[in-house]
Amino acid sequence: MLVIVAPGQGAQSPGFLSPWLELDGVADRLRGWSEVAGLDLVHAGTEASAEEIKDTAVAQPLLVAAGLVTARELFPDEDAARALVGAVAGHSVGEITAAAGAGVLTAHDALTFVRERGRAMAEAAAVTETGMLALLGGEPEEVAAKLAEHGLTAANNNGGGQIVAAGTLDQLEALKADPPTRSKLVALKVAGAFHTEHMAPGVERLAELAPTLTSVADPKVRYVSNKDGAVVDSGAEVLARLVSQVSNPVRWDLCMETLGQLGATAVIELSPAGTLTALLKRNLKGVATLALKTPADLDKARALVAEHGGQEQENQA
Numbered sequence: 001m002l003v004i005v006a007p008g009q010g011a012q013s014p015g016f017l018s019p020w021l022e023l024d025g026v027a028d029r030l031r032g033w034s035e036v037a038g039l040d041l042v043h044a045g046t047e048a049s050a051e052e053i054k055d056t057a058v059a060q061p062l063l064v065a066a067g068l069v070t071a072r073e074l075f076p077d078e079d080a081a082r083a084l085v086g087a088v089a090g091h092s093v094g095e096i097t098a099a100a101g102a103g104v105l106t107a108h109d110a111l112t113f114v115r116e117r118g119r120a121m122a123e124a125a126a127v128t129e130t131g132m133l134a135l136l137g138g139e140p141e142e143v144a145a146k147l148a149e150h151g152l153t154a155a156n157n158n159g160g161g162q163i164v165a166a167g168t169l170d171q172l173e174a175l176k177a178d179p180p181t182r183s184k185l186v187a188l189k190v191a192g193a194f195h196t197e198h199m200a201p202g203v204e205r206l207a208e209l210a211p212t213l214t215s216v217a218d219p220k221v222r223y224v225s226n227k228d229g230a231v232v233d234s235g236a237e238v239l240a241r242l243v244s245q246v247s248n249p250v251r252w253d254l255c256m257e258t259l260g261q262l263g264a265t266a267v268i269e270l271s272p273a274g275t276l277t278a279l280l281k282r283n284l285k286g287v288a289t290l291a292l293k294t295p296a297d298l299d300k301a302r303a304l305v306a307e308h309g310g311q312e313q314e315n316q317a
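The sequence shown begins at 1 in UniProt numbering and counts up one residue at a time.
Bear in mind the hints are in silico, worked out from the structure with no lab data behind them. Note that the structure is predicted; figures quoted are calculated from it, not measured. Positions of the beta carbon are idealized from the N, C-alpha and C atoms, including for glycine. Treat the hints loosely; a few may be bogus.
[To be verified] Computed Cβ-Cβ distance ranges for the label pairs, DEER-style:
| id | residue 1 | residue 2 | range |
| --- | --- | --- | --- |
| 1 | Leu136 | Gly263 | 20 to 30 Å |
| 2 | Arg31 | Ala148 | 43 to 53 Å |
| 3 | Ala148 | Ala240 | 23 to 33 Å |
| 4 | Pro201 | Glu173 | 19 to 29 Å |
| 5 | Gln261 | Ala240 | 21 to 31 Å |
| 6 | Pro211 | Ser49 | 28 to 38 Å |
| 7 | Leu262 | Ala217 | 20 to 30 Å |
| 8 | Gly274 | Glu22 | 34 to 44 Å |
| 9 | Glu52 | Gly263 | 40 to 50 Å |
| 10 | Leu298 | Glu129 | 24 to 34 Å |
| 11 | Gly263 | Pro76 | 25 to 35 Å |
| 12 | Ser244 | Asp170 | 38 to 48 Å |
Produce the complete structure using the sequences and hints provided.
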């Protein structure tokens, strides 16, 4: 079974979209989407500095647009794609990309939603200086105890012993000075404590926006949710989860568990790829993975689609 996944904030790097703009129609598509996204996506993906694209209001629309544009290059025919793909999932903001891939949101609605999500979360992050820190390894009980001791939230559980702590910069500094035994700490390229109570104002803003999206449909392929790893078959429920997800933890560990249970045999990560495929390699042994970073990876991706795409449907027929 073929799975398509989309990365979250922090996966972006300066100029990562440049190779994609060499393909016919990509620049025009991005310019058209720029009006909806409220920023110059071409500039953001090619010439913008690392500091510019760290800005939440820039990073989030850029990531969703990148996922959508690379998905269209891999699957020019959306209906045909949905017959080949067994499930989709995204990490944090990547869930919006996944929702569009599943047919829950149109590209226009996905970019409208992520525009407001990025702005709302940037504004919420500006209220208090907050951030996120990845903890790699360590005993789970001790990690949890240290986070609680310093008032931090486990905002992401990425599986394989990787937990992302979120909170104020003072709380994060206290954790650095007093880390769990045998844990490696890595600062993340994000501008706030996402998926925590600090993002509550963003939830309110998105809850007001959600009813204005008139093209919400039920998923046409399995949509695996960050909330609990569940397969959600209602478009309204997917949208509700996208709203509440902003201030709630990302359970990518449970998403990977579900993908394994569903029988995933190959996973392709949309650009800017690499983060999720690394996690999948560690947690889903034997599953083929491919990071679709540049157009040079398209032939390998198409070969994976040919080998694994539609297998589940054929087996069920």
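Here is what the structure says about each hint:
1. Leu136 - Gly263: 20 to 30 Å: Roughly 29 Å apart at Cβ, these two residues keep to the hinted range, so it holds.
2. Arg31 - Ala148: 43 to 53 Å: holds, 48 Å
3. Ala148 - Ala240: 23 to 33 Å: holds, 29 Å
4. Pro201 - Glu173: 19 to 29 Å: holds, 24 Å
5. Gln261 - Ala240: 21 to 31 Å: Roughly 24 Å apart at Cβ, these two residues keep to the hinted range, so it holds.
6. Pro211 - Ser49: 28 to 38 Å: Taking Cβ atoms as reference, Pro211 and Ser49 lie about 37 Å apart, which means the hint holds.
7. Leu262 - Ala217: 20 to 30 Å: With a Cβ separation near 21 Å, Leu262 and Ala217 satisfy 20 to 30 Å, so the hint holds.
8. Gly274 - Glu22: 34 to 44 Å: About 20 Å separates the Cβ atoms of Gly274 and Glu22, which means 34 to 44 Å is violated.
9. Glu52 - Gly263: 40 to 50 Å: Holds: the Cβ-Cβ distance is about 41 Å, inside 40 to 50 Å.
10. Leu298 - Glu129: 24 to 34 Å: Given range 24 to 34 Å: violated, Cβ gap about 41 Å.
11. Gly263 - Pro76: 25 to 35 Å: Once the Cβ atoms are compared, 26 Å apart, the range 25 to 35 Å for Pro76 and Gly263 holds.
12. Ser244 - Asp170: 38 to 48 Å: Once the Cβ atoms are compared, 27 Å apart, the range 38 to 48 Å for Asp170 and Ser244 is violated.
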